[in-house]
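Same order as they appear, the protein sequences are chains A and B. Take the first sequence: its position 106, counted from the start at 1, is 106 in our numbering, and no numbers get skipped. Take the second sequence: its position 9, counted from the start at 1, is 9 in our numbering, and no numbers get skipped.
I should point out that these hints are in silico values taken from the structure, not numbers from a laboratory. Here a beta-carbon is modelled for each residue, glycine too, at the ideal position from N, C-alpha and C. Incorrect hints may have been included.
As the list claims (entries may be wrong) - Derived DSS-like pairs (lysine-lysine); straight-line CA-CA distance at most 30 Å:
#, chain 1, residue 1, chain 2, residue 2
1, A, Lys118, B, Lys33
2, B, Lys104, A, Lys80
3, A, Lys80, B, Lys84
Stated by the list, open to error - Covered by chain B, according to a simulated footprint, are these stretches of chain A (three or more residues, beta-carbon under 8 Å):
#, region
4, 72-84
5, 88-94
6, 104-112
7, 117-129
8, 136-149
9, 160-166
What the hints assert, rightly or not - Simulated restraints, written as ranges between beta carbons of each label pair:
#, chain 1, residue 1, chain 2, residue 2, range
10, A, Arg141, B, Glu108, 56 to 66 Å
11, B, Ala89, A, Pro79, 19 to 29 Å
12, B, Ala89, A, Thr60, 14 to 24 Å
13, A, Glu74, B, Ala89, 16 to 26 Å
14, A, Glu168, B, Gly109, 26 to 36 Å
15, B, Lys104, A, Arg141, 40 to 50 Å
16, A, Met156, B, Arg110, 35 to 45 Å
17, A, Ala167, B, Leu31, 28 to 38 Å
18, A, Ile90, B, Leu31, 22 to 32 Å
Spelled out from the first residue to the last, the chains are:
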Amino acid sequence: MTSHRTNFFRILSKIPIFDYSKEHLNINSDIEMMRLMIMADFSPPEQLELQGSDLPNCETPLVHLDRVRQVQPELLPIPKAQDMAELFSILSDPNRLRLLSALAHQELCVCDLAAALKMSESAVSHQLRTLRTTHLVSYRRIGRNVYYRLACHHVMHLYREATAHLAESTS
Amino acid sequence: MKKRTQPKQPPDQPPDQRSDAPNCEEHLVHLEKVRQVQPEILPIDQAQRMSEFFAVLADPSRLRLLSALANRELCVCDLAAAVKMGESAVSHQLRVLRSMRLVKYRREGRNVYYGLADDHVVNLYREVAAHLNEG
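Produce the complete structure using the sequences and hints provided.
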């Protein structure tokens with residue numbers, strides 16, 4: 001076993017370390033995969049601790065190469081992940097969510113929104129502006145009024161799915 | 001030409017920002033609409049919880065993990081290799097995601113497979129992705 005280990009490490013040391021900082025990751029490189037597999041086999045002792053915690057890990061850490069290859073094209077690219085994270089950070093505000101919950105029901109003008117939410121009109125305007133820059137709400141003019149609504153059905157579904165998820169996880 | 005009276009705007013806002021969120025020219029509350037919508041408004045405590053939920057999603061590496069799990073189950077080792085993160089970092093993020101019940105796991109033999117917790121999470125992820133693709 002010991003000789004196997006030294007052999008593995010000898011192989012390991014000959015494989016160049018992959019530069020993770022570079023954007024153009026060549027995940028299909030078999031050498032890189034080999035290295036990941038070998039490293040996984042000699043995983044640090046913290047792995048053992050994890051088994052006992054509430055978040056279990058595999059008992060024999062081994063990378064399934066075929067699955068990793070499969071998942072690669074579906075993985076959210078880093079710039080897109082950042083855009084999505086920004087969108088979610090806009091949504092992580094109770095007041096903005098309350099505005100969206102009102103607009104999920106019907107189109108409303110700033111005056112109505114302010115009255116319904118017991119917020120000042122300027123505060124409502126401010127939040128609507130933020131929601132508009134992320135394309136979560138849109139507006140239309142009818143005569144002298146300006147009505148706000150959810151920008152598209154995706155926003156409506158997004159809000160509904162989040163509500164349903166939270167309702168289930170508390171019940 | 002008759003001059004229209006504009007509603008007063010706060011002086012600290014430049015005009016281009018004002019035009020982003022236009023307001024009614026005549027400020028008038030539609031009482032019946034307000035009454036209708038009031039029961040639909042998210043209560044404050046629920047809005048708070050939902051904002052915490054979205055705050056967990058407001059992290060690029062957590063979103064990348066979710067995107068990997070969108071179509072299949074994966075173990076920590078596979079996830080770490082796919083997203084090029086250390087296994088302990090992946091474990092940490094999975095724990096955060098599990099605290100909001102976004103992911104779940106199951107044991108199969110000696111392996112532990114992680115997946116998205118339910119259809120709502122899958123749909124949520126797809127709707128956001130679709131929204132961003134349109135924008």
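Tested hints:
no.: 1; hint: A:Lys118 / B:Lys33; in the structure: holds (14 Å)
no.: 2; hint: B:Lys104 / A:Lys80; in the structure: holds (24 Å)
no.: 3; hint: A:Lys80 / B:Lys84; in the structure: holds (17 Å)
no.: 4; hint: 72-84; in the structure: holds (count 10)
no.: 5; hint: 88-94; in the structure: holds (count 6)
no.: 6; hint: 104-112; in the structure: holds (count 8)
no.: 7; hint: 117-129; in the structure: holds (count 7)
no.: 8; hint: 136-149; in the structure: holds (count 5)
no.: 9; hint: 160-166; in the structure: holds (count 6)
no.: 10; hint: A:Arg141 / B:Glu108: 56 to 66 Å; in the structure: holds (58 Å)
no.: 11; hint: B:Ala89 / A:Pro79: 19 to 29 Å; in the structure: holds (20 Å)
no.: 12; hint: B:Ala89 / A:Thr60: 14 to 24 Å; in the structure: holds (20 Å)
no.: 13; hint: A:Glu74 / B:Ala89: 16 to 26 Å; in the structure: holds (20 Å)
no.: 14; hint: A:Glu168 / B:Gly109: 26 to 36 Å; in the structure: holds (29 Å)
no.: 15; hint: B:Lys104 / A:Arg141: 40 to 50 Å; in the structure: holds (47 Å)
no.: 16; hint: A:Met156 / B:Arg110: 35 to 45 Å; in the structure: holds (44 Å)
no.: 17; hint: A:Ala167 / B:Leu31: 28 to 38 Å; in the structure: holds (30 Å)
no.: 18; hint: A:Ile90 / B:Leu31: 22 to 32 Å; in the structure: holds (30 Å)
No hint from the list above goes unmet by this structure.
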